[in-house]
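Participant: Starting from the given sequences, assemble the full structure and let the hints guide the process.
Residue numbers (my numbering), protein chains in the order written: chain A, 362 to 700; chain B, 18 to 469.
In case anyone wonders, no lab produced these hints; they're calculated from the structure.
There could be a bad hint or two in this list.
[What the hints assert, rightly or not] Below 35 Å or equal to it, Euclidean Cα-Cα: the simulated DSBU-like pairs (lysine-lysine) are:
#	chain 1	residue 1	chain 2	residue 2
1	B	34	B	135
2	B	79	B	34
3	B	45	A	388
4	B	183	B	467
5	A	388	B	34
6	A	388	B	79
7	B	465	A	644
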Amino acid sequence: MAEAIDKQDHLFVVSSSPHTHSGASVKAIMLDVIIAMLPLTGAAIYLFGWNAIRLLLVCVISCVATEAACRKAMGRNAGIDDLSAVVTGMLLAFNLPPALPSWMAVTGSVIAIALAKQVFGGIGYNPFNPALIARVALLISFPVAMTTWSPWIMAAPAAGIDALTSATPLGAFKSAIDFGQTVPYLTNSTTFMQFFVGHQNGCIGEVSSLAILLGGLYLLFRRCISWQIPAFYLGSVAVLSTLIWAVAPDKNLPPHLHLVTGGLMLGAFFMATDMVTTPVTRKGMAVFGAGCGILTVLIRVWGGYPEGVSFAILLMNAVTPLINRATRPRVFGTGKKKS
Amino acid sequence: MPNLKFCKMKIIKAPYKSWGGIHPRYHKDLAADRALREMPLPELLQISMSQHLGAPAKPVVKKGDSVMQGTLIGEAAGFISANVHSPVSGVVKDVVPAITLTGAMIDSVVIEPDGEDKRVNDLAPLADWQAVAKKDLIARVAAAGVAGMGGAGFPTHVKLSPPPDKTIDTLIINGAECEPYLTADYRLMLESPERVWLGVSILRHILGAKTVRIAIEDNKPEAIRAMEQAMRNADGDVAIVELATEYPQGAEKQQIFAITGREVPSGGLPMDVGAVVENVGTAAAVFDAVFEGMPLIRRITTVTGLPLNAPGNIIAPLGTSYRALIEACGGCADTVKLISGGPMMGIAQAIDTVTTTKTTSGLLALGAPDVSLYESMPCISCGRCVDACPMNLVPSELSQYLEAEDYEGAEELHVMDCIECGCCAFSCPAHRPLVQHMRQGKARVMLKRKKK
Chain A
362 MAEAIDKQDH
372 LFVVSSSPHT
382 HSGASVKAIM
392 LDVIIAMLPL
402 TGAAIYLFGW
412 NAIRLLLVCV
422 ISCVATEAAC
432 RKAMGRNAGI
442 DDLSAVVTGM
452 LLAFNLPPAL
462 PSWMAVTGSV
472 IAIALAKQVF
482 GGIGYNPFNP
492 ALIARVALLI
502 SFPVAMTTWS
512 PWIMAAPAAG
522 IDALTSATPL
532 GAFKSAIDFG
542 QTVPYLTNST
552 TFMQFFVGHQ
562 NGCIGEVSSL
572 AILLGGLYLL
582 FRRCISWQIP
592 AFYLGSVAVL
602 STLIWAVAPD
612 KNLPPHLHLV
622 TGGLMLGAFF
632 MATDMVTTPV
642 TRKGMAVFGA
652 GCGILTVLIR
662 VWGGYPEGVS
672 FAILLMNAVT
682 PLINRATRPR
692 VFGTGKKKS
Chain B
18 MPNLKFCKMK
28 IIKAPYKSWG
38 GIHPRYHKDL
48 AADRALREMP
58 LPELLQISMS
68 QHLGAPAKPV
78 VKKGDSVMQG
88 TLIGEAAGFI
98 SANVHSPVSG
108 VVKDVVPAIT
118 LTGAMIDSVV
128 IEPDGEDKRV
138 NDLAPLADWQ
148 AVAKKDLIAR
158 VAAAGVAGMG
168 GAGFPTHVKL
178 SPPPDKTIDT
188 LIINGAECEP
198 YLTADYRLML
208 ESPERVWLGV
218 SILRHILGAK
228 TVRIAIEDNK
238 PEAIRAMEQA
248 MRNADGDVAI
258 VELATEYPQG
268 AEKQQIFAIT
278 GREVPSGGLP
288 MDVGAVVENV
298 GTAAAVFDAV
308 FEGMPLIRRI
318 TTVTGLPLNA
328 PGNIIAPLGT
338 SYRALIEACG
348 GCADTVKLIS
358 GGPMMGIAQA
368 IDTVTTTKTT
378 SGLLALGAPD
388 VSLYESMPCI
398 SCGRCVDACP
408 MNLVPSELSQ
418 YLEAEDYEGA
428 EELHVMDCIE
438 CGCCAFSCPA
448 HRPLVQHMRQ
458 GKARVMLKRK
468 KK
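Facilitator: Written as structure tokens, this is what we have:
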């Protein structure tokens, strides 16, 4: 053998098949996610101005810096060229209220990258969505700052007079119901449209369902996400909230307002679709989405917090390995039964 | 019953949709319009005794022997093995172990052609094959050393001899040629459809199959037309199946499913679901063996790739070196990677002195722009490999088991059902060497099974 190889003036490259590739890369996927977040970025800046720019810059820069520092500390190539830290930074910023102090945003970024991602081994190994871990850590650590919203003019509740509030639609609703009052705003299509385009209080990236849908459609078109997770997430929220609302319409938000308030849209298209922390099978993705939807509604309606998207997704992240195991497709040629 | 004799050949769409699959760039245009041609005889032929799947043949000539075209030089060593014949007349220069396209060292017979192509007539033509007993026809196919020419090289006489408890009702002739770049089967169907069809008729007769399906991807309308013309007088349940152009439609199990809706059971063979799949090239070789008494001594190889000056579909004698094939196609200086077969399942070669076998359907030269060095990343669980796998495996999970050397776990997750088609690795954004993991896993599991 050696003789034949010696005779050859040069050797060709040898590797296992296949010898061609689709061209997909982690970096390209991350770049697509960043592109999909551009409408949200625009909407956030339009609606919240300087605060949105500040939070985005602080989160992205500190996430990237933390990523580089962690990789260096672990003796790995300090490159952040897969762009995943940029995505985490942007997603975290979108999940923060506009007036949050910058140092808290930095704290969140360090938690997201160092604690929720690199400790587990970096990209691909984190069981939970890093941005959501950071958001929940901040929510528990700084409950006041994380629920301080800018004043927001609500469309007239019944009396025909606009009211000023500094709560999110879900928050205002929950406290009104808790005090035995009725729904504090109209639940008509005008309110829906107002909420849908982003005229409501909330985290800087979650208020405009319109912008999120634009980005979500791009992700679907580019096949960066599969339709199962958002469809089953939004679908189960719609079905469950309709049922609950039908039973007690004066004590519950109607389904169309459930869909466009809080972090649901952002969660369904950008957080619950994070590849690393969600199932790999199509059936599993459907289960995951439905589970997120059910938990979200349960927390919103009966939980202590007005909003439950973050918790719902994190809880479903925890059972992702189990979902994967339970939804393995039937292998070709193995009969109809699960083997 | 209408008289089917003068009916137009039936062309049907595949009734079932096989699972998974991908759409690579096909690059068939490089060689598709190049007519079949013979190449100048190489100075030396180095004919491996491992031309096929199964035990290598036993050399029956020695240094200094004179051989003629068709002289038996290697005798099948057991049932799953195949005879090897000299493609030319000339002198045996040596019988030595040499590197084959799989990298193994296998005995090879080196022959210096005398250029006269004197033929030995050991096998008499059986023009009246319908009158010949089936077992004699099978014996002829075995004597002629016919082996599957689609790539795996399974000895054809074995496929034609199912155990008595298996009934074959469907014969599928595979002309899908789903591997990118390759056009050997396409040219064969275009230029010799009658040979293919007569070969099919012989196979059908031997197997007693009621249903015959010629499977061709719908990106080869000219081949479909040519076969339709050649088959115009066919009677019985015979049809051309237009498969959707999708890789791997040419894979045996996927093709049987697309056409019959039957799943070859895990660990089983097509005969378990009453089907036999033969490549179009094999059908032509059966025709040659029976009708003309010509053993399998040469084959069509698509020599292609962007760096090549003149890609082509070459009829080359077995044992032709890859270097000689490339020279016959105008040569090329910029080859970085040389692949025996197509880009999805072909085997990369370190050296170009390796020689062709009965399975060499293509020789692909890739230049620097098509050869990238990737750093593999951790799996990001995107699920694209799961979507792409035609066997419905979960390659991402399997690969993690295999990286952890948990071969028992991988076996439970059906690693042995992997057909190594490459769809998973092709789709993987993290550039994980998924097929390599599967191969390694399969080898380990086989080793473990052998030890038991």
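Participant: A separate judgement is required for each hint: does it hold in the structure or not?
Facilitator: Hint check results:
Note on residue 34 (chain B) and residue 135 (chain B): the hinted pairing is violated, with a Cα-Cα distance of about 50 Å set against a maximum of 35 Å. Restraint check: the Cα-Cα separation between residue 79 (chain B) and residue 34 (chain B) comes to about 52 Å, which exceeds 35 Å; the hinted pair is violated. Of the pairs offered as hints, the one joining residue 45 (chain B) and residue 388 (chain A) holds, with about 30 Å between alpha carbons and a cut-off of 35 Å not exceeded. With a CA separation close to 27 Å, the supplied pair residue 183 (chain B) and residue 467 (chain B) stays within the 35 Å bound.
Between residue 388 (chain A) and residue 34 (chain B), the direct Cα distance comes to roughly 33 Å. Compliance with the 35 Å bound is thereby established for this hinted pair. This hinted pair does not check out: residue 388 (chain A) and residue 79 (chain B) have alpha carbons roughly 59 Å apart, beyond 35 Å. A C-alpha spacing of about 33 Å is found between residue 465 (chain B) and residue 644 (chain A), which places the hinted pair at or below 35 Å, so the restraint holds.
When the structure is compared with the earlier hints, violations turn up for hints 1, 2, 6 and for no others.
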